[in-house]
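Given two chains presented individually in distinct reference frames, assemble the corresponding complex, making use of the accompanying hints.
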Amino acid sequence: MKSKGQVLALLASATLIGCAPPPTPFNATEVSNLAYGRGLDIPDTDGIIRRIDDFKGRVTLVFFGFTRCPDVCPTTLMRLREVRQAVGENADQVQVLLVSVDPERDTPERLGTYVKSFDESFIGLRPEPGDLETVVKAFHAIAVKVPTTGDDYTIDHSATIYVYDRTNQLRLIAQPSLPVDQLASDLRRLTEERS
Amino acid sequence: MICRTLRMRRILLDIITDMKVSLALLWLLASITPVFAADSIIIERPYARASAPGQMIGSGFMTIAHQGSSEDRLVSATTPIAREVQIHTMNMDGGVMRMRPVEGGLAIPAGGRVVLQPGGLHLMFVEISAPLVAGTVFPVTLRFAKAGEIKVEFNVEARPIK
Chain A
-7 MKSKGQVLAL LASATLIGCA PPPTPFNATE VSNLAYGRGL DIPDTDGIIR
43 RIDDFKGRVT LVFFGFTRCP DVCPTTLMRL REVRQAVGEN ADQVQVLLVS
93 VDPERDTPER LGTYVKSFDE SFIGLRPEPG DLETVVKAFH AIAVKVPTTG
143 DDYTIDHSAT IYVYDRTNQL RLIAQPSLPV DQLASDLRRL TEERS
Chain B
-2 MICRTLRMRR ILLDIITDMK VSLALLWLLA SITPVFAADS IIIERPYARA
48 SAPGQMIGSG FMTIAHQGSS EDRLVSATTP IAREVQIHTM NMDGGVMRMR
98 PVEGGLAIPA GGRVVLQPGG LHLMFVEISA PLVAGTVFPV TLRFAKAGEI
148 KVEFNVEARP IK
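Protein sequences, first through last, are from chains A and B. My numbering applies: residue -7 is where the first sequence begins, and numbers increase by one. My numbering applies: residue -2 is where the second sequence begins, and numbers increase by one.
Bound conformation, chain B alone (with noise of 0.2 angstroms):
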């Protein structure tokens, strides 16, 4: 009973030890992960796709989170590497794949977050100048209507399945 006792709580201190080294790890994780801030837009994760070769153009994604307390809209975007950047929405409506550029901005809702993903919206790089090779960063700045220009590093990741 005592020796069973004993392995008890030796299990419970690996577990400890062991929520320690998670919660360090995602401590480190979120000090690395880059987050772009102006007064009240954050960005978060800004990624895009490595390019297959032959493709002309890339995908961005981020999560835009808004602090402020009024909306604001995600006006334009420029980057050196591709001649144009575009704002989408992507969705598929009966088998069929529809894009189309967001009209008038994105809206950013007061205290709200503003997904960019794989199957819906995304930045599309136009004509990019050289293929984008996962492990390299590129810059973007994008124009809000309020918190103006933000400048943002995109890490080019490799293609994901889903």
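Bound-form chain A, shown alone (with noise of 0.2 angstroms):
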């Protein structure tokens, strides 16, 4: 039990200190000048090539994912079009990008109609087979394929999603379980950034 003296002391000190209160941390874990992705070219499902460059002026996500993927690719999907309506005004400053660790069998028109069965602004890329590595290095991920039956096989991979902000910097990164108010909120406030 604080006698009233020190409760008076700590609003004091409280009043002096609290002049320029430190921003809130963000809800999704906070990195800074890491490269991870920067500086890659990997065509859309339309062979336009892209890189996170592209998107300045935009708070832009990246995550993988394949169309193979039976659970956390789809919720992820439908969790950040649900995190981009709740963002608001500025939900058409937020890019989704969704690159496929699974080339070989995600053709670009697979790839393009699921993506854009989430949300019409989804951009799926698709990296040729033989740049996948290079692609997964770059953003420090991890894509493995593991042989289920026969010739089938799946793909243990990254789940995180890399978010970028309006300067193309990567500022956060979220893990798909992050409540979707959490990351609509994070992503409002680099919206609202000056970039």
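Hints are computed from structural coordinates only; laboratory data are not their basis. Quick reminder that beta carbons are idealized off the backbone N, C-alpha and C, glycines included. Don't take every hint at face value.
Listed next, the in silico DSBU-like pairs over lysine-lysine satisfying Cα-Cα at most 35 angstroms (straight line) [unchecked claim]:
{"#": "1", "chain 1": "A", "residue 1": "Lys108", "chain 2": "B", "residue 2": "Lys143"}
{"#": "2", "chain 1": "A", "residue 1": "Lys108", "chain 2": "A", "residue 2": "Lys137"}
{"#": "3", "chain 1": "A", "residue 1": "Lys48", "chain 2": "A", "residue 2": "Lys108"}
{"#": "4", "chain 1": "A", "residue 1": "Lys108", "chain 2": "A", "residue 2": "Lys129"}
{"#": "5", "chain 1": "A", "residue 1": "Lys48", "chain 2": "A", "residue 2": "Lys137"}
{"#": "6", "chain 1": "A", "residue 1": "Lys137", "chain 2": "B", "residue 2": "Lys143"}
Take a look, some chain A residues computed to stay more than 12 angstroms from chain B by CB distance [unchecked claim]:
{"#": "7", "residue": "Pro17"}
{"#": "8", "residue": "Arg30"}
{"#": "9", "residue": "Met70"}
{"#": "10", "residue": "Asp84"}
{"#": "11", "residue": "Asp148"}
Which stretches of chain A does chain B cover? Using the computed rule of at least three CB atoms under 8 angstroms from a CB of chain B, they are [to be verified]:
{"#": "12", "stretch": "54 to 64"}
{"#": "13", "stretch": "95 to 105"}
{"#": "14", "stretch": "133 to 141"}
In structure tokens form, the structure reads like this:
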């Protein structure tokens, strides 16, 4: 139990320090000075070469997935649609990019229809099979083919979401389980920053 | 004071009526929720996620309850709507999604329940012959080591968020 005097002293010091409160931390993990994925050229499902720097002025989200992923990928895509809507009036400044870790089976057509079925604004990127390893490494991510039955396989892959600010700097790394409103609030803050 | 007592009684009556209604609703729900049973194995609420356009696979979930006295195993499954059905585990390990076929069948402990649900165990329907559309139903034959074959109807549900 604190005495009245102690409480008053605490309040006084809080008022003194409190003039410039430190910025509230983001909900996702904040990172800085990481050049993950910068400078990579990856074709989208229409064959247009994209790179993160193309999305200047937007908050860009990148994550890895594939159309044969039964659970995490479709769930993440649905959540990102919700996140984008929850950002509110700045929603159109949020760009979602899904990078396929299975370019051999994800044809451009298949990946395109899949990604757009969650949200028209989403873009599917499909590295050439031979470039996949370089792309994955550039994000310090993981994508490993694992045989299942016969000649069928699945792919263990990083499910983290990389968030770039309006100046294309990697700012946040979010787990797919981060609640929709928390990620939306982070993204809204980033859209409000000056570039 | 009398007035207040009457009001309390009225509220109590309302609550009881509400409870009766919810009990009736629960009973109704229970009676329409598909339950498929062999001698000792009961399959509760089998459902699949509606597939996204372009998606060649589907995922199925259910609860397997076992009332027998010795362990059984879900060894395999087949469905006319997919080339193959695989039994998978899925987990998140340090931000990495890992999916594995269940080796040697899925053990169903005696007197236990095994839940296949999003974020974990699931059936994967490989190379579906047509999109899985919400509101439709398709048959799956489950094969257990002891209980033998159980035919189940999977309801296709709109893709759940969680």
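Verification of the supplied hints:
Straight-line distance between C-alpha atoms of lysine 108/A and lysine 143/B comes to about 45 angstroms, which puts the hinted pair past the 35 angstroms bound. Pair hint lysine 108/A plus lysine 137/A holds up; C-alpha atoms about 25 angstroms apart against a cutoff of 35 angstroms. Annotation: proposed proximity of lysine 48/A to lysine 108/A holds, straight-line Cα distance about 22 angstroms (limit 35 angstroms). About 26 angstroms separates the Cα atoms of lysine 108/A and lysine 129/A, which keeps this hinted pair within 35 angstroms; it holds.
Of the pairs offered as hints, the one joining lysine 48/A and lysine 137/A holds, with about 33 angstroms between alpha carbons and a cut-off of 35 angstroms not exceeded. With a C-alpha separation of about 34 angstroms, the suggested pair lysine 137/A and lysine 143/B falls inside the 35 angstroms cut-off, and the hint holds. Once the 12 angstroms rule is applied to beta carbons, proline 17/A is consistent with being away from chain B; the minimum gap is 19 angstroms. The beta carbon of arginine 30/A is kept farther than 12 angstroms from every beta carbon of chain B, the shortest such distance being approximately 20 angstroms.
Not every C-beta of chain B lies more than 12 angstroms from that of methionine 70/A, the closest at about 6 angstroms, which undercuts listing it as non-interface. With a closest Cβ-Cβ approach of about 22 angstroms to chain B, aspartate 84/A is found to remain outside the 12 angstroms limit, as its non-interface label requires. Under the 12 angstroms C-beta cut-off, the non-interface status given to aspartate 148/A relative to chain B is violated; the minimum distance is some 5 angstroms. Closer than 8 angstroms: that is the beta-carbon criterion, and the stretch 54 to 64 of chain A has 6 residues meeting it against chain B, so the requirement of 3 holds.
Restraint check on the stretch 95 to 105 of chain A versus chain B: 6 residues with Cβ-Cβ distances below 8 angstroms, three needed, restraint holds. Judged by the Cβ-Cβ criterion of 8 angstroms, the stretch 133 to 141 of chain A is covered by chain B as claimed, because 4 of its residues qualify and three suffice.
Going down the numbered hints, you'll see the structure goes against 1, 9, 11, while the others check out.
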